[in-house]
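Protein sequences, first through last, are from chains A and B.
Going by the working numbering, the final residue of the first sequence carries number 423, and the count climbs one at a time with no gaps.
Going by the working numbering, the final residue of the second sequence carries number 423, and the count climbs one at a time with no gaps.
The set of hints was computed from the structure by calculation and includes no laboratory data.
Hints may be right or wrong, so weigh each one.
Identical chains blur together in the list; that is why a pair holds if it fits in one copy or across any two.
Unchecked claim - The calculated lysine-lysine pairs, modelled on BS3-like cross-linking and capped at a C-alpha distance of 25 Å, are:
| id | residue 1 | residue 2 |
| --- | --- | --- |
| 1 | K251 | K314 |
| 2 | K286 | K314 |
| 3 | K251 | K322 |
| 4 | K157 | K322 |
Keep in mind that this is a model prediction, so the values were computed, not measured.
Here is what each chain is made of, one letter per residue.
There are 2 protein chains.
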Amino acid sequence: MKTRILSAAVGIVLFIAVVYFMPPQAAIVAISFLCAVAAHEMLGTTGVLRGSKMLWVCCVAAFFVPVATTIDAYYLLPVLYLFTLVIFLFAITHPKQMRFEQIAQSYLGAIVVPYLLSSVLRILVHHGAGKVYVLLPFVAAWCSDTMALVAGMLFGKHKLIPAVSPKKTIEGSLGGLLGSVIGMLIFGFVTGRYFHTQPHYLMLAVAGVVGSAVGQLGDLSLSLIKRNVGIKDYGKIMPGHGGVLDRFDSVLFTAPLFELLLQFINLL
Amino acid sequence: MKTRILSAAVGIVLFIAVVYFMPPQAAIVAISFLCAVAAHEMLGTTGVLRGSKMLWVCCVAAFFVPVATTIDAYYLLPVLYLFTLVIFLFAITHPKQMRFEQIAQSYLGAIVVPYLLSSVLRILVHHGAGKVYVLLPFVAAWCSDTMALVAGMLFGKHKLIPAVSPKKTIEGSLGGLLGSVIGMLIFGFVTGRYFHTQPHYLMLAVAGVVGSAVGQLGDLSLSLIKRNVGIKDYGKIMPGHGGVLDRFDSVLFTAPLFELLLQFINLL
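If we strip away everything but chain A, and leave its shape as in the complex, we get (with noise of 0.2 Å):
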């Protein structure tokens, strides 16, 4: 519990420091870098690339996803057709070691996992108080995690999904539904008080309940799949919580919505 704590208190320094002291650049280099990562546990750790050399092409694709993105989302495209190129060369000249589904895998963790993850530097970097709307994913995934863990521990009785997630409680889940409203109430009065915003509560709350609905939906599908490869956790960086797939599980699938959702809407 102490080295979760210490290594989470490690990690929001860096996130305030990277985000509200340094240029943008470094909020790219470290998104990017983070997507290297979670392409890396995606398929270094669940073995689906384990000691190719594709593993590190992956890798690299995955890092420039999010610049690619975040400068226009059409630049997708070269980086999607060059690693097109690059996979199936290696696959038509290694036909063993590079099947259908190691194929199909390797898009999923050198594209879509660093397409999706990558929002949040769309979001800082598009909006102009996009240093204020980066920290919604976040305070929707984790205050649903958090108040998850609570209820789950407290009231938790009927199971949620035990072939996927044995602990899981609907109890829980309920609770992070309420959690994640209860914080983005509070993160939208902290920011209208502290940082001028005009929270829309209303607006704020809908968005809560959706954000921890697809928070859970991205834990439970990522524990789906180290579940399938039978590993317990993705990596180690970050001790006591796991590799960057299992802390920024909920993120994955918080990100994207809320990067959509401020298009369309006001929250804040």
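Given the coordinates of chain A, work out where chain B should sit on it, guided by the hints.
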């Protein structure tokens, strides 16, 4: 052979009718339909999602990728995100039907292949002379295919990659490169003479070489997947040719090439 030629003739007549004599909406619907069929071939014919409800969800996603990315590259994100929510929601509630491999393969069939194939549509819609430009990926791919076949039959001696495609020869491959270059030069000459384009012959020749190379890679890549799952053809939508992925295997790789080239270079 008769079926093959007849079927090609029908295809070409349909293509001309849709691209040159109907409003642009017809091309959008036609390409969207081809992408949905391609997804069905990659995920149904191969057996990946055979009999699963998710097969149809993938076809629907594949149908919307062309129109979304043609309106704006940014709209890939909502399609990808909704697809992510649906597929993982299904996966966690059907953990035995939908494993890591099937999830990843679904993304390949529902998002990646349609995104690459719909380059054809984006070339057609986004350029003033789109109706001329749209032929480039087909000229490169099919002149390469045809000349590779002829050169292979006449001079074929040294196997290219027997483990993936036992009949292909190095001589055939070189013939394909030459065929594509000749095709591009003739195409440049004809469009320059009759459609007032300004062909840049050196660039066209280079594009011909690169186009043939990636087209042949596309051909081999789609063959590799067939070989992995043990099928001969992806479908029979075009009698004598097979499925969309059999006939458009090279175009799948030449289309994004030309979409990207046309952003930066004046070919015509």
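Checked against the structure, which of the hints given earlier come out wrong? 2
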